[in-house]
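As a plain string of letters, each chain reads:
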Amino acid sequence: MADVEAREDTTDRFGLTWQPALAAGILANLERIDVVEVIAEEQFDAPSRAVRALETLAHQVPLLVHGVALGPASTAAVDARRLDRLARLVDRVEPAFWSEHLACVRAGDIEIGHLAAAPRTGATIDATAANLSRAAAVVGSRPMVENIATLMDPPASDRSEVEWISSVLTTSGCDLLLDLHNVHANSLNFGFDSIAYLDCLDPDRIGAIHLAGGCWIDDAAGAERRYLDDHLHDVPDPVYDLLVEVGARVRRPLTVILERDGRFPPMGHLLWQLDRARAALAEGRLRAAALRRPRF
Amino acid sequence: MRPEFETFLARLYTDARLRDRFLESPRDEAERQGLTPEECTALERIDRTGLEMAARSFAHKRTLKVSGRRARSWWKYLETAFGRLL
Numbered sequence: 000m001a002d003v004e005a006r007e008d009t010t011d012r013f014g015l016t017w018q019p020a021l022a023a024g025i026l027a028n029l030e031r032i033d034v035v036e037v038i039a040e041e042q043f044d045a046p047s048r049a050v051r052a053l054e055t056l057a058h059q060v061p062l063l064v065h066g067v068a069l070g071p072a073s074t075a076a077v078d079a080r081r082l083d084r085l086a087r088l089v090d091r092v093e094p095a096f097w098s099e100h101l102a103c104v105r106a107g108d109i110e111i112g113h114l115a116a117a118p119r120t121g122a123t124i125d126a127t128a129a130n131l132s133r134a135a136a137v138v139g140s141r142p143m144v145e146n147i148a149t150l151m152d153p154p155a156s157d158r159s160e161v162e163w164i165s166s167v168l169t170t171s172g173c174d175l176l177l178d179l180h181n182v183h184a185n186s187l188n189f190g191f192d193s194i195a196y197l198d199c200l201d202p203d204r205i206g207a208i209h210l211a212g213g214c215w216i217d218d219a220a221g222a223e224r225r226y227l228d229d230h231l232h233d234v235p236d237p238v239y240d241l242l243v244e245v246g247a248r249v250r251r252p253l254t255v256i257l258e259r260d261g262r263f264p265p266m267g268h269l270l271w272q273l274d275r276a277r278a279a280l281a282e283g284r285l286r287a288a289a290l291r292r293p294r295f
Numbered sequence: 000m001r002p003e004f005e006t007f008l009a010r011l012y013t014d015a016r017l018r019d020r021f022l023e024s025p026r027d028e029a030e031r032q033g034l035t036p037e038e039c040t041a042l043e044r045i046d047r048t049g050l051e052m053a054a055r056s057f058a059h060k061r062t063l064k065v066s067g068r069r070a071r072s073w074w075k076y077l078e079t080a081f082g083r084l085l
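So the protein lines, in turn, are chains U and H.
Oh and the first sequence: position 203 is 202 in numbering that gives the first Met the number 0, straight run, nothing missing.
Oh and the second sequence: position 10 is 9 in numbering that gives the first Met the number 0, straight run, nothing missing.
Please note: incorrect hints may appear among the correct ones.
[What the hints assert, rightly or not] Residues from chain H that keep clear of chain U, each with C-beta distances beyond 12 Å, as calculated:
id, residue
1, R20
2, S24
3, R31
4, R61
[Claimed, not checked] Now the stretches of chain H that chain U is said to cover, found in silico as 3 or more residues with beta-carbon under 8 Å:
id, stretch
5, 5–14
6, 43–54
These aren't lab readings, by the way, just hints derived from the structure by calculation.
Cβ atoms here follow ideal geometry from the backbone N, Cα and C, with glycine treated the same way.
Just need the whole structure built from these sequences, with the hints factored in.
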């Protein structure tokens, strides 16, 4: 009975990030891949022929558009040209949803090069929400916003990461793309409890999940190490455990994406990780369903 | 948070010479850059190990972007996969 309830309540989807090295494997295994995530910025300068190919892919499998360079967590307004390009891509591909990171990627005329954590203050909550509102107005829909991994605790912060994220969700009206590996990485680097982190999030605001892997790196002196979210390794066991916990908390359907950017294993190994994710989420769903069953 | 503070952080991430000067004497360098006393105090307590490691990680990412290898290979594979349909 619990099985039936879980299936009726949810239509979870599982998929991969599109990568050149995975293209053939993804296309050959679409019966086991429910959804494909494409990186927005990799399409911006693509020839129209290639974008047409992406549209063809969208007819075969639902697509998601994932931005990595908008940088809404900034006191500066997001770049209007980037937003226009994002809007055009979303128009053409018609993804199930689009998403972006809660990160700062540039300031003034300086490109940081990747995702930097903004100082966690009331001012950055308001500025981020304003940027997300601008983005929603141009693109035509609100993005899901993703928590990032960071090697540095941002200075001048006056609240915890999860408090900051929760406030951004409330202020912006956006839902959360919860990257469980980023939670895991930050918990290792900054000593917080991942389960307590999940407990602080409103489960109704979690709409999608990212899974990935990483590794430990040393500082220049070899005196201290931190855990890097590199997307080059398999998903570690604690991240699957967190997915069970998410399944036990979140009742809405979830889209779960496995991110892998390099050192690609055989496609069968990636599909095996997707199967582990399916099993983990189902385990959490079943645990929640069992708790909801009336006891006599 | 002021934009000036955000810009200074971005410079710390991307400018190794500035970062070295800053780590030698955070408050002096922050004051030299015109930051407020509160901002200078926050920077005095900066996560030094994290700053160094984050800066290294960002530099690596910038190098990858310059190479453009990923983007080129993406299209190669996509066009191969859909070549007959295009």
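Checked hints:
1. R20: 17 Å, holds
2. S24: 16 Å, holds
3. R31: The assertion about H/R31 holds, with a minimum of 17 Å to chain U.
4. R61: Non-interface label on H/R61 violated, nearest chain U Cβ at 4 Å vs cutoff 12 Å.
5. 5–14: holds (count 7)
6. 43–54: Since 9 is at least three, the answer is holds.
When each numbered hint is compared with the structure, a violation occurs for hint 4 only.
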